[in-house]
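Numbering (the working numbering), first residue to last: 306 to 390.
Check the hints yourself; a few may be wrong.
[To be verified] Only pairs whose alpha carbons sit at most 30 Å apart, straight line, appear in this in silico DSSO-like list of lysine-lysine: (1) Lys345 with Lys321; (2) Lys345 with Lys319; (3) Lys340 with Lys321.
Hints are computed from structural coordinates only; laboratory data are not their basis.
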Amino acid sequence: MVPRQLSQAMHTTKPKVLAHFNWLSLPAVANGPSKVLVVKGGLSGIVMIYPSATATADITVVALMEWFMSFVVVSTFVWIVAVTS
306 MVPRQLSQAM
316 HTTKPKVLAH
326 FNWLSLPAVA
336 NGPSKVLVVK
346 GGLSGIVMIY
356 PSATATADIT
366 VVALMEWFMS
376 FVVVSTFVWI
386 VAVTS
């Protein structure tokens, strides 16, 4: 995993190299997920969304393993961390 530097994004020109992922919060709804994990392929632009009640490492691992099985194991993952005040 590569930490993302401020004001700089990682891009690729080769397939099967890079994927970005991030947990996002959703507005509260009854009986609905409050978080989604978004995984996006660096070159392909394919996006998979994994809804969940919580954002945990266990759910992240399961989602990334599903990404690997559906597409390909990439050499670099970029976890985008939002800074909030």
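Worksheet item: Does the structure break any of the earlier hints, and which numbers would those be?
Response: No hint contradicted; all consistent.
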